[in-house]
Each structure stands twice: as C-alpha cells, then as structure tokens.
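**Student:** The task is simple: from the sequences and hints, build the whole structure.
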Amino acid sequence: MSQSHLIVDHVTMEFPTANGPFMALDNVHLKIEKGEFVSLIGHSGCGKSTVLNIIAGLYQATKGGIVLDGTEVNEPGPERAVVFQNHSLLPWLTAYENVELAVNQVFSKTKSKREMKEWIEHNLELVHMSHALHKKPDEISGGMKQRVGIARALAMEPSVLLMDEPFGALDALTRSHLQDSLMEIQRDLKSTVVMITHDVDEAVLLSDRIVMMSNGPAASIGEILKIDLERPRHRLELADDKKYNGYRSEVLRFLHERHAKPDVPVKVA
Amino acid sequence: MSMVMKLKGIGLFTPWFHFTNSEARKNLINNVLKNVGIPFFAFMIFLGVWQVSAKSVVTSLGQVPGPSEVFQQAKGLWGEYQADKEKEQLFYERQESRNAKKLEKNPDAKVKWREYRGRPTYFDQIFTSLKTVFTGFFIAVLIAVPLGVLTGLSQTLYIATNPIIQIFKPVSPLAWLPIVTMVVSAVYVSDNPMFDKSFVTSAVTVTLCCMWPTLMNTSVGVSSINQDLLNVAKVLRLNWFTKVRKVILPSAIPMIFTGMRLSLGVGWMVLIAAEMLAQNPGLGKFVWDEFQNGSSNSLGRIMVAVLTIGIIGFLLDWIMLSLQRYFSWDKTAANR
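Quick note, the sequences are listed as chains A and B, same order.
In this text, residue positions in the first sequence follow our numbering: the first is 1, and each later residue adds one.
In this text, residue positions in the second sequence follow our numbering: the first is 1, and each later residue adds one.
Each hint should be verified, as a subset may be incorrect.
Reference excerpt, derived from the structure (chain B facing chain A, CB under 10 angstroms, subset only) [said to hold, decoys possible]:
| hint | residue |
| --- | --- |
| 1 | V57 |
| 2 | S60 |
| 3 | V64 |
| 4 | V235 |
| 5 | R237 |
| 6 | W240 |
| 7 | S251 |
Derived DSSO-like pairs: lysine-lysine, alpha-carbon spacing no greater than 27 angstroms straight-line [to be verified]:
| hint | chain 1 | residue 1 | chain 2 | residue 2 |
| --- | --- | --- | --- | --- |
| 8 | A | K113 | B | K243 |
| 9 | A | K135 | A | K111 |
| 10 | A | K111 | B | K243 |
| 11 | A | K34 | A | K135 |
| 12 | B | K234 | A | K63 |
| 13 | B | K75 | A | K113 |
| 14 | B | K110 | B | K87 |
| 15 | B | K234 | A | K111 |
| 16 | A | K135 | B | K234 |
| 17 | A | K136 | B | K110 |
| 18 | A | K243 | A | K226 |
| 19 | B | K246 | A | K109 |
| 20 | B | K55 | A | K117 |
| 21 | B | K110 | A | K117 |
| 22 | B | K87 | A | K136 |
| 23 | B | K243 | A | K109 |
| 24 | A | K117 | B | K75 |
| 25 | B | K246 | A | K113 |
| 26 | B | K75 | B | K55 |
| 27 | A | K136 | B | K246 |
| 28 | B | K246 | A | K34 |
| 29 | A | K190 | B | K234 |
| 30 | B | K87 | A | K111 |
| 31 | A | K135 | B | K243 |
| 32 | B | K110 | A | K135 |
Anything over 12 angstroms on all C-beta distances counts as not near chain A; from chain B, calculated [unchecked claim]:
| hint | residue |
| --- | --- |
| 33 | V58 |
| 34 | Q63 |
| 35 | E80 |
| 36 | A83 |
| 37 | T161 |
| 38 | P163 |
| 39 | I179 |
| 40 | T242 |
Just so you know, the hints here were simulated from the structure itself, not pulled from any lab data.
For every residue, glycine included, the Cβ atom is placed at its ideal position computed from N, Cα and C.
**Tutor:** Here it is, written out as structure tokens:
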C-alpha cells in the first residue's frame with residue numbers, strides 16, 4: 001500500500017479559553033506527496049497558521065495527528081524546518097552563524113567541520129546571499145533576512161519545508177524575486193513544501209495544489225484546487241495565460257464568495 | 001550679571017558666523033555652543049548660586065564652604081598626598097641604606113624589610129572604595145544573573161521568589177549593616193585573614209543592596225524573549241543548556257547590562273553609607289572622620305569627598321555604558 005509522504009490526519013484543534021474551549025480547526029484532513037508544493041490560503045484567522053504549527057509540532061492537535069513517512073510526529077524537529085513570517089533570525093549572529101547554529105545541530109555527528117562549512121556556504125549561495133555572509137540581520141534588508149531564514153531551513157535538509165507567510169512582510173518586487181528563487185530551489189531540490197499565503201498570485205504561481213480553507217471558528221478545508229501548469233513557470237508568460245487566470249479567478253471566487261458557504265456548487269472552469 | 005551678558009553674547013555672534021561661513025561650519029559651531037556652552041554656563045550659574053548661598057549659612061564649624069574654599073581643600077588633600085609620597089620614598093631610602101650598611105659590616109646579618117605604613121591618604125581611600133564596590137558588585141552579579149535566568153525561565157520559580165525579592169529590595173544598607181557585621185564576625189574567622197573584616201562587611205552590604213536591579217532585569221530580559229526565537233530553538237531541538245547559552249542569554253544581554261548598570265550605581269551610593277558605619281578605610285570613612293574631627297576645614301574636605309563621589313559615580317556609569325555598547329548586540333538599548 002503506497003502511503004503519502006505527509007498526512008494531516010483528521011486534525012481537530014481546540015484552544016482553552018475563559019468561556020470554554022474554542023474550536024479553531026474541525027477535522028482537517030490532507031495528504032501531501034513527496035516533492036509536492038502545497039499552499040494553504042484563506043482569510044486571516046481561519047486557522048492556516050494553526051495547521052502549520054501543528055505540522056511543525058509547535059502545537060499539539062486535540063484530535064487526530066501528523067504522520068510523516070508512516071510515523072506519527074508530535075514534537076518539533078529539524079526534519080520539518082520552518083521559515084517564519086518575520087524571519088526569526090537571531091539578531092546577535094551573522095547570516096553565516098545563524099545557518100551554522102542549525103547545521104551544527106543537525107549535522108555535527110555526520111559531517112566534518114569542513115563539510116559543514118561548505119554546506120553552510122552552499123545553502124547561503126542557493127538563496128543568493130554569498131555576498132553578505134558576515135552581516136548581522138540589522139545590517140541587511142527585509143528580503144535578505146528572509147533569504148537567510150530560508151537558507152537556515154534548507155540547511156536542515158528537511159523532508160518537509162514549512163513556510164508561514166514567508167514573503168508577507170516584503171514589498172511586491174522583493175517578493176517576486178524571492179518567489180522566483182524559491183521556484184528554482186524547489187525545482188533543484190525537489191523539496192516538499194507547505195506554504196501559508198494570503199496572496200492569490202503567489203499561491204497559483206508556486207503551487208501544485210492550493211488548499212482553500214473555510215473561515216473559522218471550526219475552520220476546515222473548503223476546497224482543494226489542483227494547479228496543472230507546466231514548470232518552469234514564468235510570471236510574465238503566465239500573466240496572459242488563460243488557464244492561469246482561470247485558476248486565479250477560482251481562488252478569488254472562493255475567497256470572496258464561497259469561503260463561508262461551502263454548500264454553493266462549484267462552477268467548473 | 002556677567003553670566004546674562006555672556007548668554008546674550010552668543011545670540012549676537014551667531015548670525016555673524018552665518019554670513020561669513022559655510023552652513024556646515026555654522027552647524028558645527030551651533031552644536032559646540034549647545035553641547036559644551038550650555039552645560040558650561042549652567043555649571044557657572046550653579047557655582048555662583050553655591051558661592052552666594054553658602055555665605056549665608058554659618059554652622060558651628062564656621063561658614064558652609066563655597067566653591068573656592070572647596071578648591072583650596074582639594075589642593076590641600078593633593079598636597080598631603082604628595083607629602084606622604086615623599087615620606088614614603090624617604091622611608092624606603094633610609095631603610096635601604098641602613099640595611100646596606102648592615103650587610104657591608106656582616107654579609108650574614110639578618111636585615112629587616114618593613115613596609116611603609118602611613119595614614120591612608122585621600123587617594124588610598126578612593127582606591128579602597130573602588131575595590132570594595134567592585135568586589136560587592138561582582139558578587140552581586142555572580143548571584144543575580146544565574147538566579148535571574150532561572151526565575152525568568154520558570155514561572156513557578158518567579159512566583160515563588162518574587163515576594164522575597166520585593167521585600168528585600170527596598171531595605172537600606174544601614175539596616176543590613178549590623179546584621180552583616182555580626183555575621184561576618186561570626187563566620188569570617190581566620191588567624192591570618194586575607195581581607196579586613198570591615199572590607200568584607202562593606203562589600204557584602206553592597207552586594208545585598210545592589211543585586212536586585214540585575215536580578216530583576218535579567219529575569220524580565222529572559223522571560224520577555226521573542227516567542228519566535230524559542231520556536232527556532234524548538235525546531236532545532238536544542239537541548240536545555242544550548243538553548244540557554246545560544247538563544248536565551250544572548251537575547252537577554254541588553255537587559256542584563258541595563259540591570260548591571262543600575263546595580264553598580266546603587267552599589268556606589270550604598271557603599272559610602274556602609275563604609276561610614278563599618279569603618280572600612282574608604283571615602284565613607286573619610287567623610288565620617290572629617291565630621292568627627294570637626295576642624296574648620298572639615299566641611300570643605302567633606303565637600304571635596306561629595307564631589308569625588310559624584311564624579312566617580314558618573315565615571316562608573318560611563319564605563320558600564322561603554323561596556324554595554326561594546327558587548328551588547330542591541331546598540332539602541334545602550335542609549336536608554
């Protein structure tokens with residue numbers, strides 16, 4: 001029996017509050033294959049981040065759980081590396097040292113010192129940060145910080161890369177540069193990626209599947225859209241592409257019309 | 001009156017620079033006038049007010065000294081120091097020639113080398129005070145930082161220790177001193193003590209009074225660490241010790257330094273009181289002795305001590321600030 005790489009298995013999440021438990025997620029079920037790029041999209045407060053945090057092991061699901069390669073996981077670990085929205089670099093360490101902290105932790109038993117150094121430099125090279133290895137987060141721009149954050153996550157050689165609105169805080173131009181970089185990296189490394197976003201274009205451009213979440217409380221998966229566009233994808237060519245724009249409007253329609261009413265029938269494009 | 005004229009003078013002269021010099025130079029001059037000129041004139045006014053008002057108070061030890069009298073006393077203390085240095089040198093010269101003669105007569109003769117023991121000069125007393133305050137401060141930091149880290153990490157420990165800290169924090173050094181004195185006398189027993197009891201008593205009192213700001217700031221610094229950074233530590237599966245060393249401590253460093261700066265300030269303030277009562281031969285004892293001495297010079301000499309204490313306190317704060325700027329990654333915190 002073939003088993004999915006990552007299974008979000010019927011996850012329900014309740015947070016205790018003063019007025020009794022608050023149900024944030026209701027029975028979220030999702031299977032993700034190896035090398036797949038999956039986006040979670042939905043309105044703010046719909047529990048996208050909660051799903052990601054549960055996969056990362058930072059939250060424990062009330063019901064259900066996470067199965068990675070056939071094994072249940074319920075604590076955080078470097079095989080599910082996270083790229084945080086606000087980069088979360090240690091401000092007292094340089095770009096190199098930030099990645100080094102991760103590499104030391106993951107590879108100190110399997111790689112020699114020299115191999116680790118090369119590995120750190122290789123990962124910073126991947127995100128085009130070789131020119132600023134020894135700069136501290138204060139000394140580089142927001143986009144560069146996010147690049148280092150991605151390099152740190154990639155350097156853990158994760159089997160799933162979790163990204164929590166990784167480009168949300170960046171300006172449009174920087175964001176599109178980083179999206180292109182991410183597509184390149186994913187093409188080369190074949191990483192499995194779960195990304196949260198609220199940007200429709202970003203979701204369609206990057207993903208193999210878009211998971212659209214209904215509004216909370218008790219949010220669940222409203223609809224899953226398969227993006228059948230050839231890779232490599234180029235944003236300029238796709239701008240006038242009929243298929244691309246069809247996917248785009250479908251996501252938009254979900255977000256603006258159907259998010260709260262999942263019973264309305266889907267119009268097939 | 002002349003002060004007012006001078007102040008007006010700045011206003012009269014600045015436009016003149018404006019017409020004849022470049023904008024940059026004008027800015028420079030304005031800056032110098034603002035940052036050096038204003039404090040200077042304020043200080044002059046302060047000295048003037050002091051001089052005038054001091055004359056109007058007559059104590060049993062004579063008039064309260066004005067700036068000029070205090071300056072005379074400072075010169076006097078410097079003179080005493082020079083005289084003592086000379087005496088010391090003469091003492092050693094005499095000793096040397098005496099011993100040399102002895103050895104010349106009989107190469108096997110046992111010669112005695114004695115150390116010069118004069119009364120401690122004013123500068124010896126400053127040095128003793130500094131030594132005491134730093135000893136007390138270092139002990140305080142050694143206790144407060146680890147304890148602060150622990151209370152910052154554990155909510156339970158914080159709740160447990162908080163009432164104790166809040167009760168002991170406001171206690172005056174004068175209240176601690178009798179207890180510390182008795183405890184030191186009872187515990188610190190040695191035939192050949194490395195430190196004077198009075199020194200230990202003062203230093204311990206400084207520790208007891210100055211550890212609180214470091215303790216509380218460390219605790220707050222540790223507990224207010226960014227949750228995202230802790231998540232990074234979790235994802236990396238850092239063990240407890242590595243997490244504290246690589247993530248929590250560096251993150252709290254700016255707050256720890258702020259606490260240490262406050263602690264050293266409190267320690268220096270407390271030390272003078274502690275020395276007065278413990279008779280530790282430092283600035284506090286100097287002030288007390290002068291007060292007991294009651295000569296016509298006493299008030300002036302105490303005033304010299306007051307200014308010395310102030311200036312050293314200012315320098316200590318400046319040193320801590322420089323250390324903070326150098327060691328702390330958060331350069332903005334050092335400006336607070």
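**Student:** Would you mind marking each hint as holding or not holding in the structure?
**Tutor:** Status of the hints after comparison with the structure:
1. V57: 54 angstroms, violated
2. S60: Not OK, violated: B:S60 not within 10 angstroms of chain A, min 59 angstroms.
3. V64: 52 angstroms, violated
4. V235: Interface hint status for B:V235: holds (5 angstroms vs cutoff 10 angstroms).
5. R237: B:R237 check passes; min Cβ-Cβ to chain A is 6 angstroms, inside 10 angstroms.
6. W240: This interface hint is violated because 14 angstroms lies over the 10 angstroms limit.
7. S251: 8 angstroms, holds
8. A:K113 with B:K243: Holds - the C-alpha atoms of B:K243 and A:K113 are around 21 angstroms apart, at most 27 angstroms.
9. A:K135 with A:K111: 25 angstroms, holds
10. A:K111 with B:K243: 22 angstroms, holds
11. A:K34 with A:K135: Status violated; Cα separation ~35 angstroms.
12. B:K234 with A:K63: 22 angstroms, holds
13. B:K75 with A:K113: Measuring from Cα to Cα gives roughly 63 angstroms; hence the hint is violated.
14. B:K110 with B:K87: 25 angstroms, holds
15. B:K234 with A:K111: 22 angstroms, holds
16. A:K135 with B:K234: The given pair, whose Cα atoms are some 25 angstroms apart, holds under the 27 angstroms limit.
17. A:K136 with B:K110: 66 angstroms, violated
18. A:K243 with A:K226: This hinted pair holds, its Cα atoms lying about 12 angstroms apart.
19. B:K246 with A:K109: 19 angstroms, holds
20. B:K55 with A:K117: Given pair B:K55, A:K117 is violated - Cα atoms ~74 angstroms apart, limit 27 angstroms.
21. B:K110 with A:K117: Outside the cut-off at roughly 67 angstroms; violated.
22. B:K87 with A:K136: 57 angstroms, violated
23. B:K243 with A:K109: 19 angstroms, holds
24. A:K117 with B:K75: 63 angstroms, violated
25. B:K246 with A:K113: With a Cα-Cα distance of about 19 angstroms, the restraint between B:K246 and A:K113 holds, given a limit of 27 angstroms.
26. B:K75 with B:K55: 21 angstroms, holds
27. A:K136 with B:K246: Holds: A:K136 and B:K246 sit about 16 angstroms apart, inside 27 angstroms.
28. B:K246 with A:K34: Judged against 27 angstroms, a Cα distance of about 33 angstroms means the pair is violated.
29. A:K190 with B:K234: 25 angstroms, holds
30. B:K87 with A:K111: 69 angstroms, violated
31. A:K135 with B:K243: 23 angstroms, holds
32. B:K110 with A:K135: 67 angstroms, violated
33. V58: Holds: least Cβ distance 59 angstroms, greater than 12 angstroms.
34. Q63: 57 angstroms, holds
35. E80: 50 angstroms, holds
36. A83: For B:A83, whose nearest Cβ neighbour in chain A is about 52 angstroms away, the distance exceeds 12 angstroms, so it holds.
37. T161: About 28 angstroms separates B:T161 from the closest Cβ of chain A, which puts it past 12 angstroms; holds.
38. P163: 26 angstroms, holds
39. I179: 41 angstroms, holds
40. T242: 8 angstroms, violated
Hint compliance for this structure: hints 1, 2, 3, 6, 11, 13, 17, 20, 21, 22, 24, 28, 30, 32 and 40 are broken, all remaining hints hold.
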